[in-house]
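**Student:** Listed below, chain by chain, are the residues.
Number of protein chains: 2
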Amino acid sequence: MEKVNKNASVEVMSNKQVIYREQVRGSLKEANLEVRTSSERLKADTGSGAIAVKNLYLACDPYNLNLIKYFTQLGSVIARVLESGHPNFKKGDLVWGLTGWEEYSLITAPETCFKIEHADVPLSHYTGLLGMPGMTAYAGFYEVCSPKKGETVFISSAAGAVGQLVGQFAKLLGCYVVGSAGSKEKVDLLKNKFGFDDAFNYKEELDLDAALKRCFPEGIDIYFENVGGKMLDAVLLNMKLHGRITVCGMISQYNLEQPEGVHNLLNLLLKRVRMEGFLVFDYYHLYPKFLETVLPQIKEGKIVYVEDIAEGLENGPAALVGVFSGRNVGKQVVMVSCE
Amino acid sequence: MEKVNKNASVEVMSNKQVIYREQVRGSLKEANLEVRTSSERLKADTGSGAIAVKNLYLACDPYNLNLIKYFTQLGSVIARVLESGHPNFKKGDLVWGLTGWEEYSLITAPETCFKIEHADVPLSHYTGLLGMPGMTAYAGFYEVCSPKKGETVFISSAAGAVGQLVGQFAKLLGCYVVGSAGSKEKVDLLKNKFGFDDAFNYKEELDLDAALKRCFPEGIDIYFENVGGKMLDAVLLNMKLHGRITVCGMISQYNLEQPEGVHNLLNLLLKRVRMEGFLVFDYYHLYPKFLETVLPQIKEGKIVYVEDIAEGLENGPAALVGVFSGRNVGKQVVMVSCE
Chain W
4 MEKVNKNASV EVMSNKQVIY REQVRGSLKE ANLEVRTSSE RLKADTGSGA
54 IAVKNLYLAC DPYNLNLIKY FTQLGSVIAR VLESGHPNFK KGDLVWGLTG
104 WEEYSLITAP ETCFKIEHAD VPLSHYTGLL GMPGMTAYAG FYEVCSPKKG
154 ETVFISSAAG AVGQLVGQFA KLLGCYVVGS AGSKEKVDLL KNKFGFDDAF
204 NYKEELDLDA ALKRCFPEGI DIYFENVGGK MLDAVLLNMK LHGRITVCGM
254 ISQYNLEQPE GVHNLLNLLL KRVRMEGFLV FDYYHLYPKF LETVLPQIKE
304 GKIVYVEDIA EGLENGPAAL VGVFSGRNVG KQVVMVSCE
Chain H
4 MEKVNKNASV EVMSNKQVIY REQVRGSLKE ANLEVRTSSE RLKADTGSGA
54 IAVKNLYLAC DPYNLNLIKY FTQLGSVIAR VLESGHPNFK KGDLVWGLTG
104 WEEYSLITAP ETCFKIEHAD VPLSHYTGLL GMPGMTAYAG FYEVCSPKKG
154 ETVFISSAAG AVGQLVGQFA KLLGCYVVGS AGSKEKVDLL KNKFGFDDAF
204 NYKEELDLDA ALKRCFPEGI DIYFENVGGK MLDAVLLNMK LHGRITVCGM
254 ISQYNLEQPE GVHNLLNLLL KRVRMEGFLV FDYYHLYPKF LETVLPQIKE
304 GKIVYVEDIA EGLENGPAAL VGVFSGRNVG KQVVMVSCE
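These protein sequence lines map, in sequence, to chains W and H.
Heads up: the first sequence begins at 4 in this note's numbering, then just goes up one per residue.
Heads up: the second sequence begins at 4 in this note's numbering, then just goes up one per residue.
Do not take every clue at face value.
Pairwise CB distance ranges, derived in the manner of DEER restraints [what the hints assert, rightly or not]:
{"id": "1", "chain 1": "W", "residue 1": "E208", "chain 2": "H", "residue 2": "E260", "range": "23 to 33 Å"}
{"id": "2", "chain 1": "W", "residue 1": "G177", "chain 2": "H", "residue 2": "H288", "range": "21 to 31 Å"}
{"id": "3", "chain 1": "H", "residue 1": "G153", "chain 2": "W", "residue 2": "E25", "range": "41 to 51 Å"}
{"id": "4", "chain 1": "W", "residue 1": "K305", "chain 2": "H", "residue 2": "K118", "range": "52 to 62 Å"}
{"id": "5", "chain 1": "W", "residue 1": "E208", "chain 2": "H", "residue 2": "L244", "range": "29 to 39 Å"}
{"id": "6", "chain 1": "W", "residue 1": "G222", "chain 2": "H", "residue 2": "K118", "range": "32 to 42 Å"}
{"id": "7", "chain 1": "W", "residue 1": "T296", "chain 2": "H", "residue 2": "H288", "range": "29 to 39 Å"}
{"id": "8", "chain 1": "W", "residue 1": "S30", "chain 2": "H", "residue 2": "I312", "range": "54 to 64 Å"}
{"id": "9", "chain 1": "W", "residue 1": "E260", "chain 2": "H", "residue 2": "E260", "range": "20 to 30 Å"}
{"id": "10", "chain 1": "H", "residue 1": "S328", "chain 2": "W", "residue 2": "N195", "range": "54 to 64 Å"}
{"id": "11", "chain 1": "W", "residue 1": "E295", "chain 2": "H", "residue 2": "L244", "range": "20 to 30 Å"}
Calculated lysine-lysine pairs in the BS3-like style (CA-CA distance at most 30 Å, straight line) [claimed, not checked]:
{"id": "12", "chain 1": "H", "residue 1": "K274", "chain 2": "W", "residue 2": "K233"}
{"id": "13", "chain 1": "H", "residue 1": "K72", "chain 2": "W", "residue 2": "K216"}
{"id": "14", "chain 1": "H", "residue 1": "K151", "chain 2": "W", "residue 2": "K274"}
{"id": "15", "chain 1": "W", "residue 1": "K72", "chain 2": "W", "residue 2": "K233"}
{"id": "16", "chain 1": "W", "residue 1": "K174", "chain 2": "W", "residue 2": "K243"}
{"id": "17", "chain 1": "H", "residue 1": "K196", "chain 2": "H", "residue 2": "K216"}
{"id": "18", "chain 1": "W", "residue 1": "K274", "chain 2": "H", "residue 2": "K292"}
{"id": "19", "chain 1": "W", "residue 1": "K151", "chain 2": "H", "residue 2": "K274"}
Hints listed in this document are in silico derivations from the structure and should not be mistaken for laboratory results.
Every value quoted in this text rests on a predicted model; they were computed, and no experiment measured them.
Each residue gets a CB set at the ideal place from its N, CA and C atoms; glycine is no exception.
Here chain W stands alone, though its shape is the one from the complex (with noise of 0.2 Å):
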């Protein structure tokens, strides 16, 4: 073991924290988190290796819920750096990555987090973006699902933090783009500031089948999952020939005890589709390569994004039970600290 050197330490005597207090069953209730305040002392004495930071934003998105499940991991944050045992990281840089949902953390180990380079871009959109949904859209959408210039592509959950920039690259690529959402705030944002071709309110559609008959009356090329359930079993019925669904998520079916059967998959066959599922984590490696595709377009004003900001860690509960009722518009984050 490291000797620790005690006099690089920061006192931090109150600590604000969002703990994960009880296994969720069925729906996630903000009586499955707890907030918090507890005392403690970050150490990130030279040569540990560790960085100790504060909390800025916090990022709310429906793979929340799977990070607390199976990793028991509550999120992604961007934060500033107090303090610096790493070589790479500096008191003062700014970083992203996977840590607790409180005011102040120690990341032990900072080499899976981005320093944050360009900061001529609004902070939070490192929770979206910039961030994991960001690069989320972009390897799923590049990478995974083969898109081709005049190509159909059908978005579900398509005003979240990926679906919108799921279309927006598929727009700037020459595809026909319709997206579903929950309401019709959301369905007039995806036509008039994403600049979709098309977009329903599922709530609304009696016929989930007939309302994707209406928008791809030639059937789908691309289906970019993120609900499942019965959207899936509908998307199922429409896809053309060698089309490709990218399950990106399904976060219709998270909240299930016991998910839905999703009924069609016959015609995976029988139109010979490609369904395939992804997570961002094995396409870090394209973060560069993503920055500089996206960077120039967001400040050429080619890509927009709307962001859904909570003010305060205590409201970030409430937050994120509200990303799986679809309260949100855009991406929903939290700001923990504006300094």
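With chain W fixed as given, assemble chain H onto it according to the hints.
**Tutor:** Just chain H now, with coordinates in the frame of chain W:
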């Protein structure tokens, strides 16, 4: 219209046929098919582009039901040319392709048939090992599964026309291969004749998930899917990271009015699994390469094949229905004529 040359015609006074009498509801039953004898005159006049053939063997495969339902075609046959109006075929040629289930057929587009150039193997093999099922196994395994030496491969309906070959291809590549089948006799075949590493009788397993965990403690890299439904659901729980599910068929579902629900698709995401349907029709350009690979393997005894031959066209309906209850052992064939 081309003028018909009446000089080159084949008089056929009697033609026994199996026809698709009524729409299949639920399971395929013998009553859906009718054996009748009609009186016909088949013409394959010079310049007509058609060929008149005498059918020798009929193939009975699960996909026949999809052919019936979606293409109203009964299946593929092996035939001898009686008369040719097509420059590429001459009297006496042997061919295999899709036509009616009958003693004699007029094939108006013989370009869609394959000429049998190698008759030094049993002709019936062209309904299976060297025909559509063989090509299906070859294309599905090598072109869709992306197999690598040392990977673990699970094949359902493994003693069937396609499965027995996929398993042997996988063994030749150096994979660990397990198959499921529906009787002790078939399980013995898999282990003792086809060289599978292990096999189980799915009808005797109370818990398919447990059976798969027993056979694949480290999980499955490749699932060659022939059955769908509950087996697919159990496999989804046992896939390894970056596994591949190649959907060749879903025989357990073809006879259901409403397909079963598949509940564990979220594993496609968690394990980054690729699930892909394919139809052999897209891969026929590889047929010469396939023959080049497989003919020597047959002659050297590296590939073995088991057929279950029913004699007489009138036994065709029972043979085809039997495929869906797993009555056949090995590839089900109907011999129409031994000439």
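**Student:** Hint by hint, note whether the structure agrees.
**Tutor:** Taking the hints in turn, this is what the structure says about them:
{"no.": "1", "hint": "W:E208 with H:E260: 23 to 33 Å", "result": "holds, 25 Å"}
{"no.": "2", "hint": "W:G177 with H:H288: 21 to 31 Å", "result": "holds, 30 Å"}
{"no.": "3", "hint": "H:G153 with W:E25: 41 to 51 Å", "result": "holds, 42 Å"}
{"no.": "4", "hint": "W:K305 with H:K118: 52 to 62 Å", "result": "holds, 56 Å"}
{"no.": "5", "hint": "W:E208 with H:L244: 29 to 39 Å", "result": "holds, 36 Å"}
{"no.": "6", "hint": "W:G222 with H:K118: 32 to 42 Å", "result": "holds, 36 Å"}
{"no.": "7", "hint": "W:T296 with H:H288: 29 to 39 Å", "result": "holds, 36 Å"}
{"no.": "8", "hint": "W:S30 with H:I312: 54 to 64 Å", "result": "holds, 57 Å"}
{"no.": "9", "hint": "W:E260 with H:E260: 20 to 30 Å", "result": "holds, 27 Å"}
{"no.": "10", "hint": "H:S328 with W:N195: 54 to 64 Å", "result": "holds, 57 Å"}
{"no.": "11", "hint": "W:E295 with H:L244: 20 to 30 Å", "result": "holds, 29 Å"}
{"no.": "12", "hint": "H:K274 with W:K233", "result": "holds, 22 Å"}
{"no.": "13", "hint": "H:K72 with W:K216", "result": "holds, 22 Å"}
{"no.": "14", "hint": "H:K151 with W:K274", "result": "holds, 26 Å"}
{"no.": "15", "hint": "W:K72 with W:K233", "result": "holds, 23 Å"}
{"no.": "16", "hint": "W:K174 with W:K243", "result": "holds, 19 Å"}
{"no.": "17", "hint": "H:K196 with H:K216", "result": "holds, 24 Å"}
{"no.": "18", "hint": "W:K274 with H:K292", "result": "holds, 25 Å"}
{"no.": "19", "hint": "W:K151 with H:K274", "result": "holds, 26 Å"}
Violated hints: none; the structure is consistent with every hint.
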